[in-house]
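> Chain by chain, the residues:
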Amino acid sequence: MNVLEFTGLIWLGSLAAGFLGGLTGLGGGVVIVPLLTLAFGVDIRYAIGASLVSVIATSSGAAAAYVKEGFTNMRIGMFLEIATTVGALVGAGVAARLSPDIVAVIFGIVLIGSAYLSSRPRQATSGNQRPDRIAAYLHFDGAYPGPDGQIAYHVRGVPAGFGLMFVAGGLSGLLGIGSGALKVLALDQAMRIPFKVSTTTSNFMIGVTAAASAGVYLNRGYIDPGLAMPVVLGVLPGAMLATVFLKSAKSVILRKVFAVVIVLLAVEMIYNGLTGRF
Amino acid sequence: MDDSHYNEDRDKKRLAWTDQRVETILGNVLITGVIVSAGVVLIGALIYLSRHGMNLPDYRFFKGEPADLRSVRGIVKDALAESGRGIIQLGLLLLIATPVMRVLLSLVAFLRQGDKTYVTVTLIVFVILVYSLMGNPPLDFLRFFSII
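Line order of the protein sequences matches chains A and B.
The opening position of the first sequence corresponds to residue 8 in my numbering, with each subsequent residue numbered one higher.
The opening position of the second sequence corresponds to residue 4 in my numbering, with each subsequent residue numbered one higher.
Worth flagging that the hints you see were computed from the coordinates, not collected in a lab.
Quantities reported herein were computed from a predicted structural model and do not represent experimental measurements.
No residue lacks a Cβ here, since even glycine has one placed at the ideal position from N, Cα and C.
Don't take every hint at face value.
[Claimed, not checked] Coverage of chain B stretches by chain A, computed from C-beta distances (three or more under 8 Å per stretch; other residues unrestricted):
no.: 1; segment: 20-29
no.: 2; segment: 35-41
no.: 3; segment: 52-64
no.: 4; segment: 71-83
no.: 5; segment: 95-106
no.: 6; segment: 118-128
Please put together the full structure from these sequences, using the hints given.
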């Protein structure tokens with residue numbers, strides 16, 4: 008297989024990964040790393056580097072659309088980005104000191120956890136709980152466009168949300184994923200932020216988080232242009248296709264099928280890691 | 004007298020950095036960043052594949068990138084020399100810089116709004132991002148992790 012064929016195959020695989028990641032809501036990163044390592048035998052450090060860059064691309068592309076709709080809470084996003092970027096630096100620092108086998112095992116476990124988190128039905132929050140002192144000081148309380156005008160909401164649980172975001176950032180830097188599932192958990196469950204606001208704000212934060220660790224990976228020489236090129240150029244249109252497809256009814260069945268695929272990938276990552284194949 | 008008031012109001016409206024206007028600008032910055040960097044990556048890809056398409060790929064064993072593809076200065080130098088890999092890496096660098104630009108723009112917006120709390124918050128995030136991109140002492144403050 009020469010470079011041209013290799014690039015073409017990776018491009019096709021990344022197109023599928025972007026589509027799968029977009030459809031399951033897990034993001035392209037969680038599929039890219041298993042794809043590159045298991046199917047193409049790429050070293051996991053190169054795979055994580057390429058994945059991180061693609062995560063920035065899809066997150067920025069989607070955030071651009073969301074921000075204009077007025078659901079994103081930029082203040083919450085900016086404040087919590089302190090936690091995710093510091094976490095990302097720590098994660099990227101730890102990644103360099105762990106053996107690829109251990110990183111692969113952690114990846115598999117986090118993949119199963121993320122798949123579980125995003126498959127659970129999310130509880131809707133009313134958003135009109137009692138105002139919280141810290142949230143009020145940080146001007147977190149906001150409003151988003153509803154069918155009958157703006158709907159106001161209050162935010163709480165800032166310390167718990169901040170802590171979870173640090174962990175999400177750490178996993179993002181360690182594994183090259185967006186950690187969207189954990190970010191949404193922090194915003195939904197810990198901080199009680201309404202659905203649409205938490206989904207879009209999470210996406211808004213993913214790009215900045217990934218940029219923090221991508222800087223470290225670039226300086227370490229983990230980002231290879233020949234590999235990252237087909238990954239970025241494939242994941243981007245794949246994710247865009249997914250947003251179009253999400254509106255159709257068939258997506259529910261497909262999501263279930265893909266959830267099984269993702270768990271199988273996770274199990275293979277763990278198995279290969281434990282048997283020292285990375 | 005009335006006229007000048009009218010103009011003042013209109014100027015204020017035009018220059019006001021309302022959250023809504025900031026969100027629109029941010030959206031445009033993000034989408035422009037993604038399109039431009041994808042375009043640069045594509046140009047680099049065509050050069051790289053036309054020159055090295057028949058070579059054998061080797062990603063099985065980790066070697067790490069050469070020094071010139073690791074730093075901002077080296078990447079720019081390689082890209083100017085029309086190296087395919089250099090141009091792709093420049094595109095990837097622009098992609099990484101896109102969220103950084105977004106943070107920088109938010110900083111300007113919070114400054115204009117006179118929101119001191121968020122000027123501080125945004126400045127912290129910006130410094131962390133620049134720190135990571137400049138590759139300053141690769142996280143020497145994390146030495147304690149060397150026990151791993």
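> Of the numbered hints stated earlier in the document, which are not met by this structure?
Those not satisfied: there are none.
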